[in-house]
Each structure stands twice: as structure tokens, then as C-alpha cells.
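Go ahead and model the full structure; you've got the sequences and the hints to work with.
Here's the letter readout for the chains.
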Amino acid sequence: MTPQEMIERVLELSTADDNVVIVDEESSANLRFAGNTLTTNGVSRSSQLTVISIVGRGVGVVSRAAVRPEGLDDVVAAADHAAEDARPSEDARPLLEGARSADWDAHAEPTSIGVFGAFAPALGEAFATAEAGGRRLYGFAEHTVTTTFVGTSTGARLRHTQPTGRLELNAKSSDLRRSAWIGVSTRDFSDVDVAALDASLAQRLEWAKNRVELPAGRYETLLPPTAVADLMTYMYWTAGARDALEGRTVFSRPGGGTRVGDVLSESPIRLYSDPAAPGVECSPFVVAHASGRENSVFDNGLPLAATDWISGGRLANLLQTRHSAELTGLPVTPTVGNLIMRGPEGGRSLEEMIASTGRGLLLTCLWYIREVDPQTLLLTGLTRDGVYLVENGEVVGEVNNFRFNESPVDLLHRLTEIGASEQTLPREWSDYFNRAIMPPIRVPDFNMSTVSQAS
Amino acid sequence: MRQIDSDFLALPLRRLADAALQRARDLGAEHADFRLERVRGETLRLSDAALEGSIDADTLGYAVRVVKDGTWGFAGGIELSPEAAVRVAEQAVEVAVVSAAINREPVELAPEAVHSDVTWVSSYEVDPFEVPMRDKAALLAGWSGDLLRDPGVDHVQASLTQVKEQKFYADTAGTSTTQQRVRVHPQLRATRVLDGRFDSMRTLAPPVGRGYEYLTGTGWDFPEELARIPGLLEEKLRAPSVEAGPYDLVIDPSNLWLTIHESVGHATELDRALGYEAAYAGTSFATFDQLGTLVYGSPLMNVTGDRTVEHGLSTIGYDDEGVATREFDIVSGGILVGYQLDRRMALLKGLGASNGCAFAASPGHTPIQRMANVSLRPAPGGPSTEELISGVDRGIYVVGDKSWSIDMQRYNFQFTGERFYRIENGRLAGQLRDVAYQATTTDFWRSMAAVGGPQTYALGGAFNCGKGQPGQVAPVSHGCPSALFRGVRVLNTVQESGS
Numbered sequence: 001m002t003p004q005e006m007i008e009r010v011l012e013l014s015t016a017d018d019n020v021v022i023v024d025e026e027s028s029a030n031l032r033f034a035g036n037t038l039t040t041n042g043v044s045r046s047s048q049l050t051v052i053s054i055v056g057r058g059v060g061v062v063s064r065a066a067v068r069p070e071g072l073d074d075v076v077a078a079a080d081h082a083a084e085d086a087r088p089s090e091d092a093r094p095l096l097e098g099a100r101s102a103d104w105d106a107h108a109e110p111t112s113i114g115v116f117g118a119f120a121p122a123l124g125e126a127f128a129t130a131e132a133g134g135r136r137l138y139g140f141a142e143h144t145v146t147t148t149f150v151g152t153s154t155g156a157r158l159r160h161t162q163p164t165g166r167l168e169l170n171a172k173s174s175d176l177r178r179s180a181w182i183g184v185s186t187r188d189f190s191d192v193d194v195a196a197l198d199a200s201l202a203q204r205l206e207w208a209k210n211r212v213e214l215p216a217g218r219y220e221t222l223l224p225p226t227a228v229a230d231l232m233t234y235m236y237w238t239a240g241a242r243d244a245l246e247g248r249t250v251f252s253r254p255g256g257g258t259r260v261g262d263v264l265s266e267s268p269i270r271l272y273s274d275p276a277a278p279g280v281e282c283s284p285f286v287v288a289h290a291s292g293r294e295n296s297v298f299d300n301g302l303p304l305a306a307t308d309w310i311s312g313g314r315l316a317n318l319l320q321t322r323h324s325a326e327l328t329g330l331p332v333t334p335t336v337g338n339l340i341m342r343g344p345e346g347g348r349s350l351e352e353m354i355a356s357t358g359r360g361l362l363l364t365c366l367w368y369i370r371e372v373d374p375q376t377l378l379l380t381g382l383t384r385d386g387v388y389l390v391e392n393g394e395v396v397g398e399v400n401n402f403r404f405n406e407s408p409v410d411l412l413h414r415l416t417e418i419g420a421s422e423q424t425l426p427r428e429w430s431d432y433f434n435r436a437i438m439p440p441i442r443v444p445d446f447n448m449s450t451v452s453q454a455s
Numbered sequence: 001m002r003q004i005d006s007d008f009l010a011l012p013l014r015r016l017a018d019a020a021l022q023r024a025r026d027l028g029a030e031h032a033d034f035r036l037e038r039v040r041g042e043t044l045r046l047s048d049a050a051l052e053g054s055i056d057a058d059t060l061g062y063a064v065r066v067v068k069d070g071t072w073g074f075a076g077g078i079e080l081s082p083e084a085a086v087r088v089a090e091q092a093v094e095v096a097v098v099s100a101a102i103n104r105e106p107v108e109l110a111p112e113a114v115h116s117d118v119t120w121v122s123s124y125e126v127d128p129f130e131v132p133m134r135d136k137a138a139l140l141a142g143w144s145g146d147l148l149r150d151p152g153v154d155h156v157q158a159s160l161t162q163v164k165e166q167k168f169y170a171d172t173a174g175t176s177t178t179q180q181r182v183r184v185h186p187q188l189r190a191t192r193v194l195d196g197r198f199d200s201m202r203t204l205a206p207p208v209g210r211g212y213e214y215l216t217g218t219g220w221d222f223p224e225e226l227a228r229i230p231g232l233l234e235e236k237l238r239a240p241s242v243e244a245g246p247y248d249l250v251i252d253p254s255n256l257w258l259t260i261h262e263s264v265g266h267a268t269e270l271d272r273a274l275g276y277e278a279a280y281a282g283t284s285f286a287t288f289d290q291l292g293t294l295v296y297g298s299p300l301m302n303v304t305g306d307r308t309v310e311h312g313l314s315t316i317g318y319d320d321e322g323v324a325t326r327e328f329d330i331v332s333g334g335i336l337v338g339y340q341l342d343r344r345m346a347l348l349k350g351l352g353a354s355n356g357c358a359f360a361a362s363p364g365h366t367p368i369q370r371m372a373n374v375s376l377r378p379a380p381g382g383p384s385t386e387e388l389i390s391g392v393d394r395g396i397y398v399v400g401d402k403s404w405s406i407d408m409q410r411y412n413f414q415f416t417g418e419r420f421y422r423i424e425n426g427r428l429a430g431q432l433r434d435v436a437y438q439a440t441t442t443d444f445w446r447s448m449a450a451v452g453g454p455q456t457y458a459l460g461g462a463f464n465c466g467k468g469q470p471g472q473v474a475p476v477s478h479g480c481p482s483a484l485f486r487g488v489r490v491l492n493t494v495q496e497s498g499s
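Chains A and B, in that order, give the protein sequences.
Counted the way the numbering used here counts, the first sequence spans residues 1 to 455.
Counted the way the numbering used here counts, the second sequence spans residues 1 to 499.
Don't take every hint at face value.
[Claimed, not checked] Below, in silico cross-link-like pairs of lysine to aspartate or glutamate (DMTMM-like), each with a Cα-Cα straight-line distance of 25 Å or less:
id	chain 1	residue 1	chain 2	residue 2
1	B	LYS402	B	GLU234
2	B	LYS402	A	ASP103
3	B	LYS236	B	GLU224
4	B	LYS349	A	GLU352
5	B	LYS349	A	GLU131
6	B	LYS349	B	GLU30
7	B	LYS402	A	ASP410
8	A	LYS209	A	GLU168
9	B	LYS402	A	GLU294
10	B	LYS402	B	ASP195
11	B	LYS402	A	GLU371
12	A	LYS209	A	GLU352
13	A	LYS209	A	GLU391
14	B	LYS236	A	GLU371
15	B	LYS236	B	ASP195
16	B	LYS236	B	ASP48
Rather than coming from a laboratory, the hints here were simulated on the basis of the structure.
Next comes the structure, spelled out in C-alpha cells:
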């Protein structure tokens, strides 16, 4: 039974007032390696059916894996029963009227280990090159394809195929004291040049041969796109409209309401999402398997468009469901699966920013980022795999790692330069959020709270 | 003891395993294992006593893992037929063959006794999946309503997460195990907005390997804890901001479990110490060459690993490589004496048998070394928490976990908590705000000046410990007593933010 047939059958079987049926067909292939050798690998497939039944304002959600045709009755009955038994849902709204994807009837094409057909031999050659150069390569390559089908009792038949790929490459000196990292996101691995990536890591390990110990303190710091992506992604996740309205986030206005319209930066920053943005394309409609703070099952199929979160430095929108939009009196601006930040036109490359730095730190990436204080959105975390000292426009050595304590919202006020944006892989959050276009930024006084002995 | 659910036993477990393992043998695999799992999870969330969302979801599938010519091959499948299982076995062998070109380290596994046709079920009374969702929602709504009736509470988030894991494992050596375990995690968080500021307080009830009885009076007294939260939250909001500096800390088990998890649990995973997690989760300062010599902490520090303690989240009879679980020493008298192992790591370093720490998060994941219940032993006849506090002139008593972060070699950490009490001359003197403590792992554990007795011992834990690529989550508990640490650096988080 195809996913499309399964959806039609569920809609026939259900006795609920309304239904949303979601089928996720996922396939994945991966290679993991350490010390110039493979460690684990694998391919897997999954098929998940989610039946959302609605009776009055009650909702029942039952999601089952690998459902066979003869098992559909049980899943539908369980969802219908759960809806009949449920307390009223506060986000209950009429389902959206039907729209149909042009490729609704198409087959879901899986990925396979073959996606690494050209990449795996190149990685093997990189292992040999690294071995000869006294380096050890560690990392992970993964390719996943998820095709999501959404059908509703109000006629929607929507389909989206999402390829997600990433390579994380970490080079270490043979004594493991020097370490460098680079990550890329890709849709199909055809654009991954592993030899070039390895060469860039080799250069960073050379920089690290001169070791400089620095104490904790506030430093002028260049954050590369991956670090900016991790900080902005966390801020994006905390930008729920309802939480802001209820007075419990950094986007709450003291005394009531939200901070939409407030100036967050004197720089003309634009932070936005766009499902059609080249290289980071994502679902153009809402897919919600369950309701939560920033999503509602009743919004399934809602079209997504380019949405500004910060525009011209001002907070423009917050993450909304139709329900929270009514509560806040703000536009319906649901979560989108990518995030893009841009500064003024003519932003410089990271290399140009290094060249214009008198004395400062250049980070590779951030790690283990956690929220310390929601009031200010203070985050803590570590630098990782290379902090470099820049003097008179050149990298002069590697510095010890630090623990930082910083708020991304506060950084927007304090940053003094926004470079040219590029597609990047958020190091910390790439398991959950892979599609980002971010600039490097310059912060005059980044708070390195303490030294980390990790190398 | 409860039995394994009949609908799981009715699945074609052995037919699929036999077909897959025979095909792997025929294709020349030195080792093959087959694991079929159903993981059922249910989450229920309420906001201000109204239903916010719920989902009842399961994962069902199986995996074949082979060692072929010294290289791993892994494949997962979902179609429950012998023919499909054969194809998955063929895929696993194909993955091994393709991967051989980039494998320079032949895979061998530590020996393990054959455990033939054994079963194991965790300790619980009431299957939470047999309790109607409506009843569970009503219980959480009632508790939320009780909190909201207090003028000191503006909002309440309530949730219940419950999981049932069912596993069938078989390998070419002849081991076959069938297991079932249940866990629950109820949480409520109250929030107050006051004078342009806000803060919150969460129940300290840890997630546990129990059934629904945990919500109805067995193992935790929720009504008693909830009745105290509004007053505690009010006090916290009006508390003075901490003065940064070094303090003696008495740390309650509700906070210390997480510090153990991050600074001892992960640091003593042998795969990390050997570099296999170097690009992601990280490595460890506790390198293998220091086994038996590293002074991890004060002589009062005795840490064990186990997957056997009743109601522990990591607890199970046999791991995902067919190894019988056990208790083992990690730190004795302050010295590093052991690591957490899987079969490959155990043989690689000549450590004999594995101690049973292999785990896969789902049928689609390959088993990796995951954390046992890593626990700090109490001092026999040791002091109560009040007695520990009485030995402190100027310090802070830390209760409940909140924010956590540690570096990739497990040196530098920073934690916050739910409540911080000032200690003055051996007595508690009200709550403090804006506290975080920060230390280097070995400095911290070497500063442990006293360990509480068994009467202070409690299990904490989490459902969602992350490790590996592809990312895997694992449940784990940590037992510990209250303990006293001297001269730990305390930060003021408001000052850290520059505000």
C-alpha cells in the first residue's frame, strides 16, 4: 500500500468529525570514522503513520511505525477513541480547506549507501593524505531523505521531499593536542570536496603549532557563520509568541505584551526564514504531528512564506500558531525550517575581517550551548576545535579554549561588523536544524567567562 | 513480576532472527546479531490546566549487525517477513563490504557467555499505557489547578512522558533475550511574573523506571511537593542576588546527580577516552593511560556503574550485545579504576568481558557504548544533609537541576539549579537568586570534604542523554547522597550577562 493509498484508507475508516493523516517515509545512510578509519556505518528506513482525529474540540493523535494494511483499522480506532475521550484542545480551529501538491501521486524515492559512491573513495584518499601528513581525521557523513505526505478530511493533499545531508570533518594532530573542525550541509554530497576541506583543516593545525595562553576576560572576537548559526538558532527557538505574551521570555515586554517592534540592534540586521531560499529549501507548508507551544495540529497544511523575524534591526515577528496569533493580535507567522541572517550589502568575507583585525580572537565553533537565564536569554557554552589569536591582520597562533556566557539578543546590540552571509552547518544543533545561511560577525567584547583546559 | 506483553511475543521474533542470522552466516559474516524492538512513547502536555497536546507514538523495526572480514555492517528494516529479514541481512553485509575500503582497524568482540532464551522485565506495578489518557490528563489538570489557585503562580506547564521498550535480541553465538521495561517522567513547572521579572520552579520528582503508581503515591509524594512550590517560588523571586565568589557548597542529590552524569559518567566511557567520539561528543581527560593512577577526587569518592539497580533508567537484564549486566567500580577511594565498556572496547584494551553498556536508541540505530547508572556511594553511617550544612560557615545549599554545560573533554563545567539557599554559620538563611557554579572536574571532586550517609541517598536521572552520530538518546539514572564541596567558584548570572 502506498502512502497516498494509506491516507485515503484512513480517511475512509475514521468516524471522527475531521482528520489529518501524515505519513513520513524516511531513509538514511551514514558513515562514521575516527583516527583515519571507519568506526560505524549503516542504512535504515522507516515509515511512520500519524493519525490525528478530531471530535468536537477533542484531539486524538496516534502514531505508529511500519503499519501494515490490516493494521490500519486499529490505528484509526485508537485515534478516534482518543479524540472522543480527550479534554477540549484550546488551539482547536477549523482545518484548512484543501490544496493539492502537483507531485502528490509521485513515489517516495529513498536514499541508499550509494549516495556515498564518489564521496567514500575520496574520504579514503583523505585518510591516506592525512596519515602521511601526521593528521588523524574524525567525523560523520549522513544523508537522509524524508518524504512527508499530509492528507486532511477537508481535502488537502500535500507532499514534500526533504533531503538532508551533512559532513562533519575534524582533524587532529597525532598527539591529539591540536584540533580543527569544519562542517558542511549538502542535499546530495555531489558538492562536497573532501580534499579541499581536509586541506583547510591542515592549515588550521599549522596555525595551532604556536600556542598562546590567554586568561578569561572580554575579547574582540570574530564569530564564524557556524557559531552565529548556533546562537541565532537558539534565539529563534525561544521566540514563541505565546511564551512572550505570558511574560516569560526575553521577548516579553515588562508590564505586558511582546517586544515586537522593539529595536534589537542598531545595525540593519535581517533575520528571516524562507522555504524557497536556494540551498536551504524546506517544507512550504506546516507539518505538525502534535500540538505544542509553537505548533498546532489544526494548522497542518498552512502555507509558509518568507517571514522576517528581525527586520532593519527591529523585532518583526514571533513564532505563531493561528491560536497564539489570536491571543497576541499579531500575524500568523509559523515556524519555518530554515534560518537566514544578513547584514548590510557589501559585507566582507571572514578572511577580509581577519585581515582588518588589530588584535582579537577567531573562533572555529561553539559547543554544549545551554540556557542559563531565560530573562536575558543568557547562554553558556564552550569554544571548540580552535580558538586563534589574530594580530595585525594575521593569525599568529592558537589560544586555549574558553567557557562563554553570552546572550544572543545582547550580542545583536553590541556587534560591530556583519560579514557576508553563506550557507553553514550549525555545529551544536545540526542534529535538529541543518539549514542556515549566516554571516561572520565581530563582537568587541565577547565574554569568555573562564578558561577550559580541553584541547 | 509482570510479564512481557503477549502482542510483542506474538510477533515473528525467532523466525525473522533465524532467517537473518542464517543469511549472514551464509554470506561469510564472522558475527551477526539481530535485534527487533518496539518502543512505545506517550507524551501529554497541559498549559495552565488546559490540554496543549498529546501524542501516542511507537517505533517498530529490526536491525541486523554483522562483522564481515573485520568490518562492521549495519542495516535496519521494517517489514516483518523472513524474506525481508534476509534482504536486510544482505544489506548489512553489503554495507560491510563497501566500508572495508576505509576500515583500518579489524573489529573483534570480547567473549560473552551464551544466554539462551532468557527473559527480563523491569520492576513496575501499573502499566501506564493501560491507564486512559483522560485519567492522566485529569490528574495533571487537577495538580495544575491547585497551583494556579495560589496568587503566587501565574502559569503552570505540566507534562507526562511514558515509555515502554520491548526488545528481542539473538546472535550467531546462540544468545537470545526478550526484555521489557517501562519508565515515566511527570513534571510540573510553575511560573510567576513579578515587577517586570519572572522566574519558575519545577517539581524535583525525577524520571524513574516505574509505572503509573509513581503518580499515585509510590516513590514520590506529588501533592506534598506541589503544595510547597508557590511559597518557594515567591521566596526565590524576592531573594537577593548572589555575590559572586568562592563558596562551600552542600549539594543535594536532586542537583548532584547531573554533575555526576556530566563529569564522571561521560568522562569514564571508554569509547570517549579512546577517541571514538572525538568529533562529536568529545573525548575525556580520564585517558586510558591513567587507569589505576588518576586522582579523580578526594579519598571519599567511590563511584560505581550498574545496570541492575531497581527502578534505574539504564537498568536492564542484558545489553544490546547480549551481555548480562552487572555492577562495577569506576572510582575507588578517589582513584580511577574502571570504565564503562561494550564488547569491542573491552577486547581492544584487554579488559576481559564487557560490563554490559551497549545500547541502541531504536531499531534503526547501531548499538554504541552508553551510560550505566553511574552513582556516588554514600558514606556508611555518614551525616545527614542538615549535619553537612552545620559544618559550613559561609556557603550555599544547592537543590534541583536546571542548566548544565561541560566541555568536550569533561574538564570545565557550569551548572545552575532550581533553588539556592545561603548557609551562614551552619544554618540556612533564605534563598539566593542568579547562582551558577563553575569548576574543573578534578578540582571539584578533590574538594569533596564530606559525603552524606545512606539516609540522604536518592536516584536522579534523565530520559534524554545524547551521544553518537546519528544522534541517540538513552535513559539513565544516577544515585548519590548529599555532599559537601569546599571553595567552589560561584557566578552571578546577571553580572555574567552584562546586565
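> Which earlier hints can't be squared with this structure?
Replying inline: Violated: hints 2 and 4.
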